[in-house]
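**Student:** Next come the chains, spelled out residue by residue.
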Amino acid sequence: MNLEKVIFGFFVLLAATLNFGFFIGDIANPAVHNIYELFAALAVSLIATVLKFGDRTQIGAVHLATSLVADLQLVAASVVWIWAEEISADGIDAGSTASVVSLSGGALLANLVSVVLLVTETVTFHRG
Amino acid sequence: MSNPLLVFWALFGRRDPVSRVPSRVHIESSSQASSTIFLVMRRMRTPLITLIVIFSISAVGLTLIPGVGPDGQAARISLFESFYFMSYTATTIGFGELPWPFTPAQRLWVTFSIYLSVIGWAYAIGSLLTLLQDRSFRQALALRRFTRKVARLREPFLLLAGYGRAGELLAKDFDALGQQLVVIDESSDRVDALDLGSYHSDIPGLVADAADPHHLSAAGLDHPFCAGVLALTNHDETNLAVTMTAALLRPDLPVVSRTVSAPIAERMHAFGTPTVVNPFDRFGEHLRLALNAPASYQLLTWLEAGPGAELPGRGRPPTEGRWVICGYGRFGREVTADLRAGGLDVTIIEPAERGESESGVIVGDASEPRVLARADLASAVGLVAGTDNDTTNLSMLAAARRLNPQLFLAARQNRPTSAALFEAMRLDALLVPTEVVAHEVYAQISTPMLWRFIQEMPARGDQWAADLIQRLRDNCGRQLPALWKVKLDGEQAPAIGGWLAEGRVVLGDLVRSPEDRERRLRVVPLLLLRDGQAVLTPDGETVLARDDELLFAGQGSERRELESTLVVDSTAAYVLFDQHIPSSWIWRKLSRKNPTTSAVADRGGTTTHHR
Chain A
1 MNLEKVIFGF FVLLAATLNF GFFIGDIANP AVHNIYELFA ALAVSLIATV
51 LKFGDRTQIG AVHLATSLVA DLQLVAASVV WIWAEEISAD GIDAGSTASV
101 VSLSGGALLA NLVSVVLLVT ETVTFHRG
Chain B
129 MSNPLLVFWA LFGRRDPVSR VPSRVHIESS SQASSTIFLV MRRMRTPLIT
179 LIVIFSISAV GLTLIPGVGP DGQAARISLF ESFYFMSYTA TTIGFGELPW
229 PFTPAQRLWV TFSIYLSVIG WAYAIGSLLT LLQDRSFRQA LALRRFTRKV
279 ARLREPFLLL AGYGRAGELL AKDFDALGQQ LVVIDESSDR VDALDLGSYH
329 SDIPGLVADA ADPHHLSAAG LDHPFCAGVL ALTNHDETNL AVTMTAALLR
379 PDLPVVSRTV SAPIAERMHA FGTPTVVNPF DRFGEHLRLA LNAPASYQLL
429 TWLEAGPGAE LPGRGRPPTE GRWVICGYGR FGREVTADLR AGGLDVTIIE
479 PAERGESESG VIVGDASEPR VLARADLASA VGLVAGTDND TTNLSMLAAA
529 RRLNPQLFLA ARQNRPTSAA LFEAMRLDAL LVPTEVVAHE VYAQISTPML
579 WRFIQEMPAR GDQWAADLIQ RLRDNCGRQL PALWKVKLDG EQAPAIGGWL
629 AEGRVVLGDL VRSPEDRERR LRVVPLLLLR DGQAVLTPDG ETVLARDDEL
679 LFAGQGSERR ELESTLVVDS TAAYVLFDQH IPSSWIWRKL SRKNPTTSAV
729 ADRGGTTTHH R
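Protein chains in written order, with the numbering used here: chain A, 1 to 128; chain B, 129 to 739.
Just chain A, with the same shape it has in the complex:
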């Protein structure tokens, strides 16, 4: 067992699960989407990205690319949330919630690709 692989798999998976947890639920209902979950998803996604730094293989490059996409989507979702809550006069309404959740849905797709890559890598791994 390789501790590095454990940590790597843990963070990739955790990023996907947190993202999924935030995404699931009625898209326009702010009550079923917790902002702390979005924050956690973003933080874990950033950590997963950094963990993917410095891998020279082709699959490593795709891993990094998916993570960067997820980060971008989650940062965009956070910015929309902040705008809605702090700056716009309406506060969090159905429209802004829908934007935030759909952006995080994009990130979820990227995170799922990451998980698929992780699984593929594990399945095709031959020792010796």
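Heads up, a few of these hints could be off.
To be verified - If you want the footprint, here are the derived chain B segments under chain A, 3+ residues with CB under 8 Å:
#1 163-170
#2 174-181
#3 198-212
Keep in mind the hints are simulated off the structure, nothing from the lab.
We treat Cβ as the ideally placed atom computed from N, Cα and C, and that holds for glycine.
For this one, chain A is given, so just place chain B on it according to the hints.
**Tutor:** Coordinates of chain B only, in the frame set by chain A:
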């Protein structure tokens, strides 16, 4: 008269076409550099993750702690405000802008997170700075920059491995000729010296071991514009490795390599046809030439010294008698062999006892007066101080001069710092190995015709050389003028092409001035090359033919006048036949009474093409 645009065109058209040879073997040189950058990214993982975790904990923690709002109600600050607060606090910017005053519980958490985040930042920034200072990382960056610079070169360049004393002299000469170079040297001091040197062109330099094919490849060995490889490092092994690499990867390139050892030279010759320069060997040959033909030797050293060199003095070495050679190493052996081949007696002083005992070898330290006395300097005619120690050589020379002031003194200078001392000794012949190498390589690479001239020159005898020196001095002054070659083909000499085919162009007429044909241009034709046959100093009666190559010596202004003769039809007609023909094509068509019109009209198409 002459159209300046045409002269321009001729100047640019004159460049030799570059043979674009596709590289046979491509070596991936950037892999080393990129691997270092990946390593840096891997090393940044821990600091960055630490930073993310610390930020997340501090920001989330701050929003979870209950506070009191402006209206006295319990209120938590939002995630965004908490992130904003942590950002300016952790980076030690400290705006102090708060949504509302913190409660003691919040202050407690902020205190905790300040210490935590400052440590995180210090760790991350510290790691980053350490990595930037890292030697291998900086080398990788330098290699990348160098590789990019070389890959962008769009003119023929020479790859110079080894920027020592010889390399520096050569770089100066080639830079003066407008030849681009790429330098690779092991020592960072030398590459710094390259940056500090005042060159016209920007010469890319890399600190790396030239024996590594990857480095040579990064320096442009497989670049289509690479025009030659010069292996001039101080290590014979490295030079051999460079020669080998160049011969195997780019067999089409000319290679010039320096060595002081005959076995290494043999091994170099096993790979293709490199030109091997052995300074000791050359010095022996030069010494022999200096003994037999002082004027030839004077001409040789002048031509090899590069543009602008002062005419060296002509020595009068003794042609018979006994010579004393101190130091019987590789240098001593070469000189001894050359002197003996010239029919001279040689006495050798060698500090170390060698296995084989040769006749005329005195064992002992030549810097000791007792040992020198045994060599009987009073009856000798010349002394060669050839040890590899400058101090020994100098003291030997001083002692020898005291014993016999008439001696012809020759010496080997090992370190460039001793140059002033040897100059003060006013020796008759001085070997500076690095300079010999530089001059030799310059003569071979700058113009192949000059090398041909130098090779054929000694056969012409001393008197001929003396006359030529006199001619050069009369025409061009005491400083060596620029040497340039002209090929009489459609590109460089379009104006006289028709007359060349008819055999009506005589060299003596060609070098008349376009301003006043009664005046001869102050140029000296050194060599005429026709179908591989060389004619040295062709005279004025020589009839020129198409595709003849000529090597001229003369100042730049004279060169431009000659070029306008070769390119402009009306100038050519005036200079060669004292005829005035109109410069424009229409007027030429209209005035048909000119006897040379037929020749001009034949080439009417090409002429208009140039306009």
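**Student:** Against the earlier hints, flag every one the structure doesn't satisfy and list their numbers going up.
**Tutor:** Failing hints: none at all.
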